[in-house]
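Protein chains: 2
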Amino acid sequence: MSASSVIPSTVNADLQKERDGASFNSEEFAAWWAGGAEQLKFKRGIKEYMYKDVDLAALNQVDYLSHEDMCEFAVKNSINVAKKLRQLQAERNPGGNEYWPTLYDSPELWGLHKVGNPFTVMFVMVIHALKDQCTPEQYEEFGKRVERFEVSVAYAQTELGHGTYLRGLETRADYDRETDEFVLNTPSITAYKWWPGGLGQCSNYSIVMAQLYIDGELKGPHLFYVQVREEDTHEPRPGVHIGEIGKKMGFLAVNNGFLGMKNVRIPRTRMLMRHAKVNRDGTYVKSPADALTYFAMVRTRCIIARNMSLILAVAATIGTRYSAVRRQSPIDPKLPEPQILDHVTQQLKVIPEIAASLAYRNACDYLLELFDATSRDKDQGRYERLPELHSLSCALKVLCSSDAAAGIERLRLACGGHGYLTSANLGNIYVNATAACTYEGENTVLLLQIGRFLMKSWRAAQSGAPLAPTVSYLAEVQRNPEFGVWTGSWENLVKAMQFAAANKTRIAFNNLAKRLVNGQSEEVAANQTGIELTQAAELHGRAFVFHSFLTEVTGAKSKKRSSALNRVLEQLLELYLVNATLNNMNNILRVVALTDADLNKLQSRLETALTKLRPDAVAIVDGFDFADEQLNSTLGSYDGNAYERIFDAAMSAPLNQKSVPKSFHEHLGPFMKSNL
Amino acid sequence: MSASSVIPSTVNADLQKERDGASFNSEEFAAWWAGGAEQLKFKRGIKEYMYKDVDLAALNQVDYLSHEDMCEFAVKNSINVAKKLRQLQAERNPGGNEYWPTLYDSPELWGLHKVGNPFTVMFVMVIHALKDQCTPEQYEEFGKRVERFEVSVAYAQTELGHGTYLRGLETRADYDRETDEFVLNTPSITAYKWWPGGLGQCSNYSIVMAQLYIDGELKGPHLFYVQVREEDTHEPRPGVHIGEIGKKMGFLAVNNGFLGMKNVRIPRTRMLMRHAKVNRDGTYVKSPADALTYFAMVRTRCIIARNMSLILAVAATIGTRYSAVRRQSPIDPKLPEPQILDHVTQQLKVIPEIAASLAYRNACDYLLELFDATSRDKDQGRYERLPELHSLSCALKVLCSSDAAAGIERLRLACGGHGYLTSANLGNIYVNATAACTYEGENTVLLLQIGRFLMKSWRAAQSGAPLAPTVSYLAEVQRNPEFGVWTGSWENLVKAMQFAAANKTRIAFNNLAKRLVNGQSEEVAANQTGIELTQAAELHGRAFVFHSFLTEVTGAKSKKRSSALNRVLEQLLELYLVNATLNNMNNILRVVALTDADLNKLQSRLETALTKLRPDAVAIVDGFDFADEQLNSTLGSYDGNAYERIFDAAMSAPLNQKSVPKSFHEHLGPFMKSNL
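Protein sequences appear in the order of chains A and B. The first sequence runs 1 to 676 under full-length UniProt numbering. The second sequence runs 1 to 676 under full-length UniProt numbering.
Hints in this document: simulated from the structure, not taken from any laboratory. Take these hints with a grain of salt, some might be off.
One copy or any two copies: either way a pair holds, since identical chains are not told apart in the list.
[What the hints assert, rightly or not] Dumping the calculated DSS-like pairs for lysine-lysine here, alpha-carbon to alpha-carbon at most 30 Å:
| hint | residue 1 | residue 2 |
| --- | --- | --- |
| 1 | Lys658 | Lys262 |
| 2 | Lys658 | Lys76 |
| 3 | Lys334 | Lys277 |
| 4 | Lys144 | Lys131 |
| 5 | Lys41 | Lys52 |
| 6 | Lys378 | Lys277 |
| 7 | Lys334 | Lys514 |
| 8 | Lys52 | Lys76 |
| 9 | Lys286 | Lys456 |
| 10 | Lys83 | Lys662 |
The task is simple: from the sequences and hints, build the whole structure.
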């Protein structure tokens, strides 16, 4: 059989049957999910343009390359995507920016960056950091060049021996008053900048976080704009030791780099001086507003959280379609093997992840609204909601990344052996998601920060001080510590999760207080209470997701949707709430006196929700409206021809292009012969 | 700085301090863990011989190769390991087999098969299958050639469209009475053999599972010995379509293969006929004992389970040592950044995995004893304990693989960004472990089988029939359904887990019965009860691990250990039981009336156990006695020079061997210039 002939041009009959039997219109779902019919049309237009002449099979050959070839390929490929996107911008709205660079790393284009985009950091982060941290003159000089893509700029903060704790960074920048320069140095191996995306191979400039010293006096970490390679030759600049940190689990071709500096001199004007300043005479002017730096990180976390909810939806699409196509293990031995989606255990692996992607995407939408509102406040000098926004963005970054990673892996395992194939793309999706548990604020570190915010909020509630809206339930629980009647209604489930969060907050608060009374320092006591602080933080995040999902599904917006769509959303809400409640029952049982009958009823609701959603599962993931190029999965394509695609992908593997491998002639053949 | 000079020859001071401060002798631990001082010496002797002249840094360059080169490398490498191991056998005990082939794929040699061993299946499985299924004459002809490594033989069962359900396989073997041959055919794409390790590139023979037809009448799946490539040229035999299935998440270079056959003829005598037979005249003789086939699978599952407990110990060693070496995030801002192992949240990520590897390794030891006993029984025609052994081997295969995978990922995440580096080896370990959740019986399928065994056992207990020892607690719970007093003792925790398992078994049993009464067929009812059946099965497995760990630590064997070692093992038992109890509290609270005070006390015991084990953590993982070559991790080496090793590994990455990458000249440079 030849490689290209096996994929039928028809849709798999089992999949078509699912679509025909759906209880709602997946186009209406798609418009709702996209944020409106106009948005849906816009996104489809982009994808049509950008994927028009992409040969996925050829693109996927990159998986078989050596590390070096893969990295070289990614540079070429990412530049081509940039060119095409700029072309799109020029054609549809010259001078605007809604296509380029806005969409360069958007979910719509994920399918184009199979092994990663070395320039992601430049357009997702560097350009924003320059906007936030440069004086207008500096932005004109540095930022505009990035916008025009005349330079390649990395963001170097993390060091080999130092991560989250900025004050622990070792890289130093000493002001030399004689020459009006900063002298940058990497005093040890652990001070090497390590990890910045695109730094290793591509960058010729980098923003560098370094400890500022003036006359030997430490002023703390500041940002500097450093040229690391020559613009014309790309050779490392004098004193610069730069390269790639080596292979990783994922992000295979983004050339995460290292940077060591030995007496690298830059003009004083290359410190980013929008806020803090060093004058010509060496006098130091402190930043008037520390919160401004941290606000950029909040933005990044909001985007990560939302992307994680979408990447989970991608995996859920693949897992659901494959579960409708694969037939395995009889339920009734007298009948043919059923679609595996008919196995209830399979339903439990797949359908809750669909519901979770909705719940999280929806929570992130609320978060982004809060971000915009807080951003407007901030521009008017009002900072009241900043701590709440910070805490909520951390909570959703943590939950979305860790639950997406776990959910993707569950979905991958639900696809059996074929889920392990690179061509299924689930492994690649997983390693991308799990990385987000670590970067931009390691999840446990963030949970501890949320924990601290909860402690402050609990104390404030005790003293009757007003609380931010998303923690106001803590005050309510303090006022009415008895849960009251368990009804099992959705509102009741939200309340139960809030009570569980409040209870864990109370326990952590009391244990912290006890430890302080027993003479522990605040820091040691906080460390000792770390487990309960992180648990409280996690439950707090879950309570928020519960609440916002309930609001979306049952609130005013439901009036704009058809009753058929609302019915499906309500079933997804039911599944999400019941399943997450059961999964957190150890904490809920401490505050709500559920009987055995109540628990059995919840279990039966879980099974009923799965049964009800089973016939709509395929239509729901169709409503996510991912193009085949975004999924890039032999298991998940719209036509459902999974086996033929797996077969086709295997035939094009390099090893299959010759009938006898070299190693037979050189090693295996002679060895076996010698044993005769 | 040059690449090779950065790694000190001294041990990291933080790590040395840990060793100096340990409360027990890790050599005594090592001897206990290895199964005695003699065993420890034997294992060390093997490792010394086999790793003597291995250049790890050179070996690790394989990570950077193309898929094809990696596969070619693995063939050469695995043959070299075989030669060396045969040499060892010849030197130490000519004619024996305790080195070759017994140790070819043993944990001791894991470090030698970095990207997988294409011949693992041949020596772990094929040779045993041939022993079990061949007549003596057949074994003489096929098996002996494998022993001598004159041929390369795969085991082809799974098909592209068919996995666990053997009766669903499509490959057929029709008996041709005229020529006294079987004619093998692959009737469709979904019938292609898919996944067999080593089949794609290396094999010239394969055991093939196919549906036997005689005169067009189906006799069910049988095994055939099929030549797939010519011995001299390695060209595929006529009618054979063979190759590799393409890249996967892990097992990168074991060339998992596909096989399609078109009228491939083999002599009748190539059906493996030890049990079932086809005579010259086409008469068919059924196998007298079906259980014999399934016994070989039980053996494989026992080995997988035990290997998973060890692979978790490998990851725990890496995570623990790195946590002692890495300093990050102040507890007290006035003090230097602490070892991250001092953060309580980090302790919770790392130390329970140490305890879990012990608990599981220990449970697997008991399982292997049961296997040996049952094996002896079987040889005498006694099959009573077979169902129990089958069920227990499934339970431990499931728990060890899924908990090892989850634990390894927790440990990897606990190492922060550097855990994501290929050179940390945790990613590689993870993809190996997670694969075991799927192969040799997909975990959910196995849980459902255990669930069925529990249903039978529950019914038997109701009728007063005797139960197998490992499920006898079900009868006890039926007799005394009240848990009684919660004391929190270890025995009490074991009992609580047994009650939780029995309770879920009861719920599943009752729901199943209710569904049958309501008119559902047995199969449909079992499917509908699938979630609770799998939950019961999991809890049953946990109860067994609880019980066997308690027995090991507090039982008669403790008399042979020093009190210092016993104290550490008791603390590990305490941590394991308390942590697992808390993690399963949702099920335990349904059967045991714990008060809030009881729960707070358990939480406090968890924290105390972590605090007590913290100073011994490094010495415990030292006691696992993994050589640096087995760990193959920049983060986990015995000397603890993690940063220097990360640095060193990065310097040797291929991209760093030239100062300017090709893509700059060809793509990035011209592109940026064009934007000027």
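Results for each hint:
Taking the shortest Cα distances, Lys658 and Lys262 sit within 30 Å of each other only across copies (20 Å), while inside one copy they are farther apart (51 Å). Taking the shortest alpha-carbon separations for Lys658 and Lys76, both the intra-copy value of 28 Å and the inter-copy value of 18 Å come in at or below 30 Å. In this assembly of identical chains, Lys334 and Lys277 lie within 30 Å of each other by CA distance solely across copies; the values are 27 Å between and 80 Å within a copy. For a Cα distance limit of 30 Å, the shortest separation of Lys144 from Lys131 inside one copy, 10 Å, qualifies, whereas the shortest one across copies, 73 Å, does not.
Taking CA atoms no more than 30 Å apart as the test, Lys41 paired with Lys52 passes inside one copy only; the shortest distance there is 16 Å, against 64 Å between copies. Only within a single protomer do Lys378 and Lys277 lie at most 30 Å apart by alpha-carbon distance; the minimum there is 22 Å, versus 83 Å between protomers. In the homo-oligomer, the alpha carbons of Lys334 and Lys514 lie at most 30 Å apart only across protomers (23 Å), although the nearest pairing inside one protomer, at 65 Å, exceeds that limit. In this assembly of identical chains, the alpha carbons of Lys52 and Lys76 lie at most 30 Å apart only when taken from the same copy (18 Å versus 43 Å across copies).
In the homo-oligomer, the alpha carbons of Lys286 and Lys456 lie at most 30 Å apart inside one protomer (28 Å), although the nearest pairing across protomers, at 75 Å, exceeds that limit. In this assembly of identical chains, Lys83 and Lys662 lie within 30 Å of each other by CA distance solely across copies; the values are 20 Å between and 40 Å within a copy.
Of the numbered hints stated above, none is contradicted by the structure.
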